[in-house]
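S.K.: Line by line, the protein sequences are chains A and B.
For the first sequence, the residue numbers in full-length UniProt numbering are 1 to 458.
For the second sequence, the residue numbers in full-length UniProt numbering are 1 to 291.
One or more of the hints may lead you astray.
No farther apart than 30 Å at their CA atoms in a straight line, the calculated lysine-lysine pairs in the DSS-like style are these [as the list claims (entries may be wrong)]:
1. A:K285 <-> A:K127
2. A:K202 <-> B:K141
3. A:K247 <-> B:K56
4. A:K159 <-> A:K55
5. B:K56 <-> A:K449
6. A:K429 <-> A:K236
7. A:K429 <-> B:K141
8. A:K201 <-> B:K56
9. A:K442 <-> B:K56
10. A:K455 <-> B:K56
11. A:K285 <-> B:K56
Quick list of the computed label-pair ranges, beta carbon to beta carbon [claimed, not checked]:
12. B:D60 <-> A:Q260: 32 to 42 Å
13. A:Q260 <-> B:W58: 36 to 46 Å
14. A:Q260 <-> B:T283: 32 to 42 Å
15. B:D149 <-> A:D233: 14 to 24 Å
16. B:L19 <-> A:G378: 18 to 28 Å
17. B:D60 <-> A:H182: 46 to 56 Å
18. B:F23 <-> A:D136: 45 to 55 Å
These stretches of chain B come out as covered by chain A in the derived footprint (C-beta under 8 Å, 3 or more residues) [what the hints assert, rightly or not]:
19. 198 to 209
20. 232 to 245
Quick caveat, the hints were computed from the structure, so don't treat them as lab data.
Computed from a prediction, not measured in an experiment: that's the story for all the values here.
All residues carry an ideal CB built from backbone N, CA and C; glycine is no exception.
Now for the letters of each chain:
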Amino acid sequence: MNPTRRVLLAGAAAATLSGCATAGSSDDTTNKGNTSAENPLGVPAETPLEVVIFKGGYGDAYAIDAQNRYKQKYPKAAVDQKGIQRVGEVLQPRFVADSPPDVVDNSGAGRLDLATLVSSGKLKDLKELLDAPSLDDPSKKVRDTLMPGVVDEGTFDGKTVILNYSSVLWGVWYSKSLFAKHGWTFPKTWAEMLTLNEEIKKAGIAPWTWQGKYPEYMNDPLVSLAAKAGGFDLVKSIDNLEPNAWKSPAMLAAADAIYQLAARGHIMAGSEALSHTEAQNAWCKGQAAFIPCGSWLEGEQQQVTPAGFDMVMGTVPALTGSDKLPNGAVMAASSESFLVPAKAKNVQGGLEFLRILFSKQVARGFAESAKALPVVNGATDGLTLPSGLSSVAQAVKAAGPNVFSYRFRTWYAPLSKAVDDATGELLTKRVNPEQWADRVQKAADAVAKDTSIAKHTR
Amino acid sequence: MRHGKYRFLVGAMAAPLALYAIFVISPYVQAFYLAFTDWNGISNEANPVGLANFTKLWSDPLFLAALRNNGLLLLVVPLATIVLALFFSAATRGTRVYRVVYFFPQLLSVAIIAVLWQFVYTPNSGLLNGFLNAVGLSSWKQSWLAEPDLALWCVMAAMIWSAVGFYVVLFSAAMESIPVELMEAALIDGASSGAIFRRITLPLIFESVQVAFIYLGIAALDGFALVQIMTVGPGGPDNSTEVMGLGLWRNAFTYGKFGYASAMGVAMFLLTLSLAALLLRATRREQVELA
């Protein structure tokens with residue numbers, strides 16, 4: 001790289017953040033102390049640690065808890081921890097200049113694009129942490145204390161570079177009390193769903209509403225149905241951009257299943273123009289029976305949910321009687337992406353901070369304060385959970401190993417936009433399932449052909 | 001004495017000019033440079049790619065859609081806003097109350113305007129559908145922002161609404177500076193009010209109208225904030241409200257293609273600049289001196 005370009009880019013960084021960035025990258029020399037049973041990662045006792053946390057819906061109480069435990073263990077190290085909102089804006093110049101903090105929670109609307117961070121080689125391989133003994137039980141490695149899928153989800157081309165903290169499941173939500181009142185039960189197959197919808201309609205309630213302004217909300221049940229019918233192979237073929245994966249029979253059938261909601265008039269009028277807040281509030285008022293959403297819904301609706309509403313999440317019903325994945329299989333992903341930058345000044349300290357963060361005690365505190373499910377196994381055992389969160393915890397148990405997640409959303413943002421657009425059109429009946437699949441397949445092919453987009457495989 | 005004055009001026013201007021150079025001019029210059037690279041926003045390497053980003057623009061269906069939509073905004077918004085503003089300022093001469101009322105939207109930030117209009121258009125409890133219901137036109141009810149054929153027009157309405165007030169005030173001030181004798185003379189000669197407006201008022205405030213065209217033209221080439229907050233997707237449904245600014249933002253911050261996004265920025269810059277130059281030329285007229 002020639003020097004003028006570097007000067008210019010450092011200038012770009014400086015202009016974004018009133019000149020706090022300095023150019024110049026240090027060599028990858030790790031600052032490592034002696035290892036011991038107490039300190040398996042070899043944390044240098046006196047090196048300061050800098051942590052930047054996204055302080056959003058989940059707050060930062062759990063990270064402060066981890067910080068206090070770190071300080072207790074390494075009293076000579078100064079810990080500088082900040083909870084901020086616009087993580088990307090603040091940290092972009094520091095990543096460009098290679099002087100990042102030691103731990104980052106890269107989350108929230110203004111986060112840095114993960115695929116870009118990975119393709120620029122800015123992230124530390126977390127293998128050392130995953131193979132270290134866990135804090136709670138030294139006979140168990142950290143990787144074995146995490147829920148299925150978490151390590152996989154943070155892995156790019158064989159290297160695990162992020163660990164997500166909060167587990168998110170996607171399903172279909174309904175009010176337990178409303179269903180009890182009418183004697184409805186949550187359907188097991190999509191055919192049952194359509195039958196029940198007719199019954200709900202007769203009761204004067206719209207069977208479904210959805211967050212039409214952001215069509216991705218309806219993609220989740222759609223691709224869940226496809227994964228259930230087509231199994232893990234289908235999920236992989238989609239993520240690997242295989243030719244005609246979006247036109248596979250399972251995906252087409254799933255698109256048709258969702259299309260039927262619109263075609264049969266099972267969706268509340270006007271839903272296609274409602275924001276997530278408007279749709280979710282209408283659902284909380286009992287204007288619609290079902291709404292698709294991730295497991296954050298209960299927390300998000302806390303202020304407006306009427307007493308006795310008892311919201312619960314049901315897993316997306318089976319698409320057919322001969323699905324490849326058993327009933328109860330669920331789409332899960334995790335959020336709150338923790339990472340250690342490759343050029344951090346205290347890499348070992350960063351890894352140790354994460355080892356403490358992913359311990360049972362801290363995770364338990366997270367479940368209590370953030371009302372969300374941490375990815376640490378057994379962290380919520382014995383806690384009394386609200387109705388929604390407990391239904392989510394049950395869904396995790398019921399699914400066992402049958403937890404799937406798509407990666408194309410993080411890997412290929414342009415494809416993800418194309419799917420969203422197409423699904424919006426599908427649910428307004430402006431395209432039919434075949435046209436939907438055609439459009440999305442075309443977008444997938446375009447991404448596959450585009451040499452400027454870094455490709456990943458699983 | 002003279003020397004001392006310049007020293008004072010330099011001393012007073014140096015700091016603001018330096019700030020301007022660092023925070024305004026240098027990012028512009030850098031954007032021009034980045035437009036010829038593949039910078040991803042994170043890496044400290046930016047490889048030159050020549051004109052590739054610019055040639056890609058012409059085959060990017062989203063950018064072309066944005067160009068079309070911005071073009072439509074450009075055709076409709078300035079003209080509609082100016083006609084309305086001229087009408088209101090002529091119709092409310094001498095009544096200051098209305099001018100204050102028209103100016104209200106100008107006091108709101110774009111974000112608030114976008115949210116307000118979203119409430120107007122929202123299908124089930126929105127003001128517009130509620131109004132149609134009340135006057136017995138319930139068959140006209142729509143999911144306004146979810147209809148590809150209507151969404152952009154809905155955004156335009158919000159854009160015009162929020163801009164009109166400022167130009168009412170601008171034009172009113174210009175109209176007040178027209179000498180009363182001119183109007184009286186025209187009236188005595190028996191000119192109709194339409195003729196007075198066409199032959200006297202409009203020519204005498206033409207400079208203000210010209211400025212309005214340029215400002216509104218620039219605003220029509222943007223539209224990012226309203227589209228981002230109001231529309232489905234945003235930019236939808238199915239990209240029917242996509243604008244260049246939105247594509248730029250998406251490419252930079254969600255796709256990590258800062259080089260390509262900079263190329264979009266440069267294209268927008270050149271478009272805006274040539275529009276302003278073109279408008280200034282096309283609307284040049286003989287100046288009327290009133291003194």
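S.K.: Indicate, hint by hint, whether the structure satisfies it.
M.R.: Hints versus structure:
{"no.": "1", "hint": "A:K285 <-> A:K127", "in the structure": "47 Å, violated"}
{"no.": "2", "hint": "A:K202 <-> B:K141", "in the structure": "24 Å, holds"}
{"no.": "3", "hint": "A:K247 <-> B:K56", "in the structure": "28 Å, holds"}
{"no.": "4", "hint": "A:K159 <-> A:K55", "in the structure": "27 Å, holds"}
{"no.": "5", "hint": "B:K56 <-> A:K449", "in the structure": "14 Å, holds"}
{"no.": "6", "hint": "A:K429 <-> A:K236", "in the structure": "28 Å, holds"}
{"no.": "7", "hint": "A:K429 <-> B:K141", "in the structure": "18 Å, holds"}
{"no.": "8", "hint": "A:K201 <-> B:K56", "in the structure": "49 Å, violated"}
{"no.": "9", "hint": "A:K442 <-> B:K56", "in the structure": "18 Å, holds"}
{"no.": "10", "hint": "A:K455 <-> B:K56", "in the structure": "20 Å, holds"}
{"no.": "11", "hint": "A:K285 <-> B:K56", "in the structure": "48 Å, violated"}
{"no.": "12", "hint": "B:D60 <-> A:Q260: 32 to 42 Å", "in the structure": "34 Å, holds"}
{"no.": "13", "hint": "A:Q260 <-> B:W58: 36 to 46 Å", "in the structure": "40 Å, holds"}
{"no.": "14", "hint": "A:Q260 <-> B:T283: 32 to 42 Å", "in the structure": "56 Å, violated"}
{"no.": "15", "hint": "B:D149 <-> A:D233: 14 to 24 Å", "in the structure": "41 Å, violated"}
{"no.": "16", "hint": "B:L19 <-> A:G378: 18 to 28 Å", "in the structure": "56 Å, violated"}
{"no.": "17", "hint": "B:D60 <-> A:H182: 46 to 56 Å", "in the structure": "50 Å, holds"}
{"no.": "18", "hint": "B:F23 <-> A:D136: 45 to 55 Å", "in the structure": "50 Å, holds"}
{"no.": "19", "hint": "198 to 209", "in the structure": "violated (count 0)"}
{"no.": "20", "hint": "232 to 245", "in the structure": "holds (count 6)"}
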